[in-house]
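J.: One-letter residues, chain by chain:
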Amino acid sequence: MTTAVLFDNVSRHFGIVRAVDRVNLSIAEGEFFAMLGPSGSGKTTCLRLMAGFEQPTGGHIEIFGETAEGVPPYRRSVNTVFQDYALFPHLSILDNVAYGLMVKGIGREERRKAAEDALAMVKLPGYGTRRPGQLSGGQRQRVALARALVNKPKVLLLDEPLGALDLKLREQMQEELKSLQKSLGITFVFVTHDQGEALSMADRIAVFNDGRIQQLGSPEDVYNRPKTRFVADFVGSSNVLSADLCRRLGLKAAFASLRPEAVAIAPPHNGALSLSGTVASQSFLGATNRIVVDVEGARIAVASPATQGFPPIGSAVTISFAARDLYPMDDA
Amino acid sequence: MTILAERVILPERRSTAGRLSDFFWRHPHVLLALLLGPPLLWLGVVYLGSLFALLLQSFFSIDDFSGLINYEFTLATYRQLLSDTHLDIIIRTVSMAAIVTFVSALIAFPIAYYAARYARGKWKALFYLAVMLPLWSSYLVKIYAWKLILAKEGILTWFFEKLNLLWLLEAWLTLPVVGGNSLSVSYTGTFIVFVYVWMPFMILPIQAALERVPANLIEASWDLGGTPAQTFRYVLFPLALPGIVAGSIFTFSLTLGDYIIPQIVGSSRLFIGQAVYAQQGTAGNIPLAAAFTVVPIVIMGAYLWMAKRMGAFDAL
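Residue numbers (the UniProt record's numbering), protein chains in the order written: chain A, 1 to 332; chain B, 1 to 316.
Worth flagging that the hints you see were computed from the coordinates, not collected in a lab.
Misleading hints may appear alongside valid ones.
Stated by the list, open to error - Examples of chain A residues lying across from chain B (beta carbon under 10 Å, computed):
id : residue
1  : 48
2  : 87
3  : 88
For glycine and all other residues, C-beta sits at the position ideal for the given N, C-alpha and C.
Work the whole structure out from these sequences, hints included.
T.: Spelled out as structure tokens, the structure:
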């Protein structure tokens, strides 16, 4: 398989700030790759390094086997969907979409046709004559996507493109993006701080914190087998059990992660592990209830089905979980 | 509990100011009318009214024999305006204004671009100071200073001499139209002073327009394959155009109407402003002076209409 993007020990420092610090990654052609992390974790800077808006202060970047350092953005077959779309306000939607073809010197008629096809692909046919200001956020997002895809990029970079959309629209766009990526076969690199988005869409996820990759793996890997405490906490707000608690449960590890949905408020059976504590707080989340149980000062969140109802706050409960759901981590 | 939270609705204030603010809150249009009324009255009646009265004068004519104004509607004054000598003045002024505007925009753009994109903190303050400082000193002082700089014995000649480039200056001065005895009595000199004096009026609107161009539009253009030149042509320039047009309205109309600069620095040939000054003063030909003032108004109107047609305000 061809490597689409390769980062070899790449750093981008701004003065003393290490926005990206010795990052290694390799994205395969046709992959849907997500870079997940909180703001300021370096994921967007990584994307900008791929686009060419930033130059690395150390390390080596390759795009489809070619050195990318010192190559300006306009000489890269890489296109970006910007966080706030960055549509040209003075151009019509059609001219926005056709911009990439126009600057490459493609004839008026040909680029108009290509732009209309691209607009049809993102389900906005006939919107060409409007201005960006006349479109809703979701429509602008689609235009930004069409404007990037019309250039048939080798790699499409998406910088939190769904961040400004409401939940319903976001879910719909997630599905559409995924199927678009499948049908086009273009490498997608997606930056997000929304772990749900990353888990549901990506083939592989790189979890960023403090300019470094904390873990790189499949969504299942990252979710079920977090390598560090940060990953456990950030990806799906897992419970992190201290060494003390681990020892009591017969596990030799510095920390262990335990998913809220792997825990039940019930006595143990079939050799499951159990702990007892008191109910500290609870909240209704729709499909599930989130119940926080205080186990000798450690707070363990439990996701229990909403059908089970709430135990009263302060009541003593027993929580149980299978031993295999307790995942040891060495790193803090 | 604080004292504020004791009542849901606070009691009405009994003072005049208190009652007045409640009243204005309920009737915001009254406040607007009060605030806008006096200036609108001034603009509408005193300013526009007198301007209109002046324009009306241009449709009267002067009796050549008695020098009295003949208050009958006629286009004779306009016919007079379009005679060769007067047309010459108009063409000279409009050409000067056009060249001054074009060169001002050319010089102002990079300065404004630097200030909008790169200058931060104290550099930005320094930029504003540098642009505004010339406006703090008297206009007349600046023009006389330029007269000395441009004079034959002035520092500029001295500078060219030191650089062994005096031949270049002299070659320029031998050129027809733009040349003359020295820079201070040539159109070149008039042009230099115009550009210098109006420069802040060009820089500031362009800078304001560029400041409103989001940086990621430039990046988007690069990303889509636009070279820096293409990015300038298709993104940066169109978005800065309202600022350039705003700046050019200043430089263009100020040059059209100015009568002091060409009088102090330049050849003795008249500009529109000087013609108006001469016609309404010594010559006492108010109708012709009025007709001359119509010229810049018509030109600016046509210019704005054209700018709008070209889409200069689309990005507003």
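J.: Compare the structure with each hint and give your call.
T.: Hint by hint, here is what the structure shows:
1. For the restraint placing residue 48 (chain A) at the interface with chain B, the shortest Cβ-Cβ distance is roughly 9 Å, inside the 10 Å limit, so the hint holds.
2. Because the beta carbon of residue 87 (chain A) sits about 8 Å from the nearest beta carbon in chain B, less than 10 Å, this interface hint is met.
3. Hint status for residue 88 (chain A) relative to chain B: holds, with the closest Cβ pair at about 6 Å, below 10 Å.
Of the numbered hints given earlier, the model fails none.
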